[in-house]
Amino acid sequence: MAIPLVPQLLRNHLSELAEQNQRIDGRGQWESREIDLQTNVLPNAEGSAMVTMGDTIVYAGVKFQIMTPYPDRPNQGGLMCSAEVRPVAGRNWEAGPPSPESIELGRVVDRGIRESGCIDVDDLCIIPGEKAWQVILDLFAVSDDGNLFDAFALAGIAALRTAVVPEVKFEVSDTDRPLPVSKTPIMCSYHKVGGRYVYDADGREELGGDERIHITLGDNDNVHSLQKGLKGIFTASEFAEIMEHAKSRCGELRDLVHGSE
Amino acid sequence: MAIPLVPQLLRNHLSELAEQNQRIDGRGQWESREIDLQTNVLPNAEGSAMVTMGDTIVYAGVKFQIMTPYPDRPNQGGLMCSAEVRPVAGRNWEAGPPSPESIELGRVVDRGIRESGCIDVDDLCIIPGEKAWQVILDLFAVSDDGNLFDAFALAGIAALRTAVVPEVKFEVSDTDRPLPVSKTPIMCSYHKVGGRYVYDADGREELGGDERIHITLGDNDNVHSLQKGLKGIFTASEFAEIMEHAKSRCGELRDLVHGSE
Amino acid sequence: MAIPLVPQLLRNHLSELAEQNQRIDGRGQWESREIDLQTNVLPNAEGSAMVTMGDTIVYAGVKFQIMTPYPDRPNQGGLMCSAEVRPVAGRNWEAGPPSPESIELGRVVDRGIRESGCIDVDDLCIIPGEKAWQVILDLFAVSDDGNLFDAFALAGIAALRTAVVPEVKFEVSDTDRPLPVSKTPIMCSYHKVGGRYVYDADGREELGGDERIHITLGDNDNVHSLQKGLKGIFTASEFAEIMEHAKSRCGELRDLVHGSE
Amino acid sequence: MGGYGDVQMIDENGIRADGRKAGDLRPIEIETGVIPVADGSARVIWGNNHAVAAIYGPMEAHPRKIQRQDRAVLDVRYNMAPFSTSDRIRPGFNRRSREISKVTAEALESVVLVEMYPRSKIRVEIEILAAEAGTRCVGITAASVALAHAGIPMTDMVVSVASGKINDVVVCDLNKEEDNYGEADLPMGILPNSGELVFLQMDGDLTQEEFQEAWDYNMEAAHDIHRIMVDALKGGES
Amino acid sequence: MGGYGDVQMIDENGIRADGRKAGDLRPIEIETGVIPVADGSARVIWGNNHAVAAIYGPMEAHPRKIQRQDRAVLDVRYNMAPFSTSDRIRPGFNRRSREISKVTAEALESVVLVEMYPRSKIRVEIEILAAEAGTRCVGITAASVALAHAGIPMTDMVVSVASGKINDVVVCDLNKEEDNYGEADLPMGILPNSGELVFLQMDGDLTQEEFQEAWDYNMEAAHDIHRIMVDALKGGES
Amino acid sequence: MGGYGDVQMIDENGIRADGRKAGDLRPIEIETGVIPVADGSARVIWGNNHAVAAIYGPMEAHPRKIQRQDRAVLDVRYNMAPFSTSDRIRPGFNRRSREISKVTAEALESVVLVEMYPRSKIRVEIEILAAEAGTRCVGITAASVALAHAGIPMTDMVVSVASGKINDVVVCDLNKEEDNYGEADLPMGILPNSGELVFLQMDGDLTQEEFQEAWDYNMEAAHDIHRIMVDALKGGES
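Protein chains in written order, with our numbering: chain A, 1 to 261; chain B, 1001 to 1261; chain C, 2001 to 2261; chain D, 3001 to 3238; chain E, 4001 to 4238; chain F, 5001 to 5238.
There could be a bad hint or two in this list.
So these bits of chain A aren't anywhere near chain D, every CB distance computed over 10 Å [claimed, not checked]:
| id | residue |
| --- | --- |
| 1 | HIS13 |
| 2 | ARG27 |
| 3 | PRO87 |
| 4 | ARG91 |
| 5 | GLU101 |
| 6 | ASP138 |
| 7 | PHE140 |
| 8 | ASP176 |
So the derived list for chain F, only partly shown, Cβ under 8 Å to chain C, looks like this [claimed, not checked]:
| id | residue |
| --- | --- |
| 9 | ASP5205 |
| 10 | GLN5208 |
| 11 | ASP5224 |
In case anyone wonders, no lab produced these hints; they're calculated from the structure.
From a predicted model like this one, the values you see are computed outputs, not experimental measurements.
Where a beta carbon is used, it is the ideal one built from N, C-alpha and C, also for glycine.
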């Protein structure tokens, strides 16, 4: 990612707004942008979703490959999650090998999904020790106006939950079957902007903000993944406040995912 | 490839020459440079050729490897064609990963040979589903004074047509055999220089010229590959004119190849 | 490696010192720095050593992998030697793909050990044609104050001579066994500093010096590896003089290795 | 071209497996403004192809060594998303994509008035989200519309389309199966107002007569596609 | 977290396989000045983890494009030596190391007074020579000590430690087996004077209550570790 | 050195499998001017080795960071063409080629009057088109002739040759089989006028006496090779 110039004027402006409990696009501190989720949008993916959050637009696509199980886990298939933010998605994203930003994106989303246990890798075994399914979830941004983490996580779980295992194409059986996904982990992300945390920061808030915290909660509010990113210091009580918000917001987004299936 | 400075003076000079129906080295519009083709020039290649066209000098070498056939084509071997223009070949060529120019060179030459069907990949099968020959044609420039495309294509088909399958060395049988190559696809390339197309541009004409068109014709004037390269606009009648020239010139070069065997 | 500015003042100073038969840290021409060798210093390596030579500190670690023998040598395992000088080791070392300096380091140390025949690759076969041990010797510098070559070579042979083949972990047999290492090749390195050769140059002498010569001698003073590095011209009599020193010094260092086992 | 096997793709009445006649295009839909953060953008759904193009710039060209004193450079990237094809595509270096990016850039440079923006760079990002034969043509077409949507001055838009040969019959706009089992493919980039060309590739096996037939199909189709492009720009302007 | 199999790691009396109680740390030894050519350095031996950190700088930031007008940049590299783990690690690009380098840099930038060194760069090199669970915490802790040893001004040192869950019991400072077979891991980077955080990751499965318990273990352990860090800086000064 | 198996390479009369005596060189042919677009060039056919070298420059050194205020840098690349060996070589990064490029550059820098061209770069491109043992020596020799052909001032030309040991006998200029099955190889780079050295490598197993014998063979051979180099420069001048 190309590093934009330090936007001191923007930072000042965001601080002034924060003092008046306002945000740059008029939202409340914990308010999200308009959100849209569609599934089965890509004809060549075995599962897919498109998420729009304001001007942020991302796709998720699920593909399958046959793998040889690892010798120490002969009954298990695999899940791989990869995030790409190519230069199509914004002025500051560059071509080339994966940037630290996109590596972090992919790994944080991956951990949230993987650690929830929503995919039982034992379900992916075809012949123990010989053949198993590898599920590949590719996250692909086409328009980055902030908070790619939540958009990717949402599109990712929605794509997985509507994916179909291509048993016929790979000559594994004579009928395809839905990929079993037993849970719905949801990520909520918070950025410190103008000295306080806000939910679902947009591109200008990310640019003029400080550290961010990503929380992935499971079906019973269990914590599956946390990540603090960027330079910044936060307190236990700040964290407790965003955790409270995450608990309620994750539930709403989980309903959105279930409604799209 | 390092981009040389825009040679405006050279462009002007080439335009003036074109108005007088002249070329910078005194040739006519459709006239080629002196051409020399030698085969079996490299002791460690299973087939080889060296082509000299004016100050352009290239080598082609054929090597063989054992491959596993692709599951959906168990009776077929493979052909791979790779072009390298290393910095030895001229001041503007640089070391490093393949440049877009050399990728295009390799792919255009490859398509001309492959699409002609001159190599029957079924002939390359050793044991169906298990072992097949992979033919690797490496094109290697040592001196670039323009029109590497035609030099590579000519050296390439000549090297293939004189290649010997190393059956003994790979313990496939107890006697080597010539690689069966049933056709002789030939490429002719045209550059727009000073506003009109010329055949077999040299280095200065390439530097001060515009778009180029590459035509590969088969034994019966069938079209096997076309490529327009570089910025520039051309008309249907311009294209028709160079196609006419290509038909006659390809025949002459085909005779040259056959004479070298 | 980042190229430091040409240290002309340092060069002049070193020349003046050399005229008075002195060195920058007070040593004699053939005198080494204080040297310390410890083995079995790394809990996760199957063999390890740490060498301190003045302010130069390096580690060597031995790991094992299972390999398939090469078809033409079905009864042989392999030895691989790799040197890394990461930026931790000094201001001028940079991250990234291996520099020419570290490639040379690894290859010269590798040749000295390999060519001595101290490891009999036939000893590494497990099942002929199917399974064999690959011994991997990794050389890792943490502090570079000059003469990494000798430090790496010393740590490397000491780590190999104390390495244990992990037969149990890889389910090859039910008991581990020492890696058989029959010889003790030793490297001695000489730098031209101030116009004459000195032994065991430190960082400042390397920076302000000229060419260097690396000699690896085996148990009977047999020559196993030579390397001249950097710009510079030397005479046969200069070479004869350092060879004489190497013969006696290699013996001392061989005793040090044997004493550490 | 694949060209193996004896797959029947067109019947004795000249009707193709997907119901089209020899000269028919697949359905094409174009929308602009689909990437809100870009300076211009377009989505083209063409059969089962699904492509987006985004324009960023003109902006300062960097690194400096790519700058041209007298004109803008077009920095064009054609890329296939990992999930765009039947078998997943690994992200990263890809010789095919590099070549298509190069010829696409050269086609577009032939119409963009690059002299108006010295020392600058115009980024053209083409992403294939779903691929079904002819993606390079779809990409060039999407990029042309996106450039127009970004307000970049051009002498004309490039319309790109491919015709080819299946079961010895020349047809327009190959679909996936026709591309896999067909005998030739001739993609062209056409300036619809003048009939001139800025892009041309071909591979396979065409007699001189078949070649002319495929060429003519492309020329004709270019006018229909151009109409859809223009409509999208009218409709999609915000 | 691995989380498979039924490995018994803590007994009915709350004693872990290596004899520790739930809240106990592994033994920690810290020494400074271990890399003589660096501007500051530290070695941390923590259980069977063995890490060194070296500081170079502040120095001119190059290449120029990484320079910041108003502050120093921290150029942090976390790396595992090839022989540091049970299976050898191939040198080269590694997504895990890149992510850890990034979050480590961000944690340290939160305390280093980077504004004091505009346009400069401070290199922080963390090398794991032997790994036994928790290496990112060991690395951050080593880097903090090395920065202090180099005399780089900081508002506080970062103390990093992880707690987690094994056999449904929350425990402090997982060892290798506990990390492999445990159910959750919560590494944190704590400022011991204020109790504030600059680093936080977590993966696995923790109820809200378990999460709080693990958090508290980390906070408590941070004070003990901080004492060892301070002692090392006193003792190791030359 | 390979050194395995019991391959008989020299008979009881000291005659090698290819008919040479211990001290004999393989046939060597050198021609200059073989790369017309280069500033200087040479081809060396030495046994079945086939190498070309091209010189470009002196030219401005770029990127800037490689520039030296007081001298030219030699930018030397040794490379083996993919078809140059029995098994095809994949193009790309190669540790062996990097090392040979480095030692070749250092050998040539020792004789080129680099101080005459501050801030500039001289490119030396060595391509092995066919390899049959001793390619690094062939390459250095070709580069020396090409530098002279380009008119680059040098204190002397570097002559490079290797001797070695086969079946316990020291011989000059190993061929392919001798290199594969022999016991040692000692390549040197010699200044024929002074007998000084600028290049030296060795691997294998030589007693001190054998080492001296191989050294002497190289010194002697250098004079013969030097004569062929000088003749080529006289004959090849255009």
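Structure-based check of each hint:
At the 10 Å boundary, the C-beta of HIS13/A stays outside the reach of chain D, the nearest C-beta of that chain being 20 Å off. Against the 10 Å criterion, ARG27/A stays outside the reach of chain D, whose nearest CB is about 17 Å from its own CB. With a least CB separation of 5 Å from chain D, PRO87/A falls inside the 10 Å interface cut-off, contrary to its annotation. Non-interface status of ARG91/A relative to chain D is broken: a Cβ of that chain comes within 10 Å, the nearest being about 5 Å off.
Non-interface status of GLU101/A relative to chain D is upheld: no Cβ of that chain comes within 10 Å, the nearest being about 15 Å off. The beta carbon of ASP138/A sits about 4 Å from the closest Cβ of chain D, which is not more than 10 Å, so the claim that it is off the interface is violated. Not every C-beta of chain D lies more than 10 Å from that of PHE140/A, the closest at about 5 Å, which undercuts listing it as non-interface. The Cβ of ASP176/A lies farther than 10 Å from every Cβ of chain D, with a closest approach of about 14 Å, so its non-interface assignment holds.
The interface hint given for ASP5205/F holds, since its Cβ lies 6 Å from the closest Cβ of chain C, which is under the 8 Å cut-off. The criterion of a C-beta within 8 Å of any C-beta in chain C is met by GLN5208/F, whose closest approach is roughly 6 Å, and the hint holds. About 19 Å separates the beta-carbon of ASP5224/F from the nearest beta-carbon of chain C, more than 8 Å, and the hint is not met.
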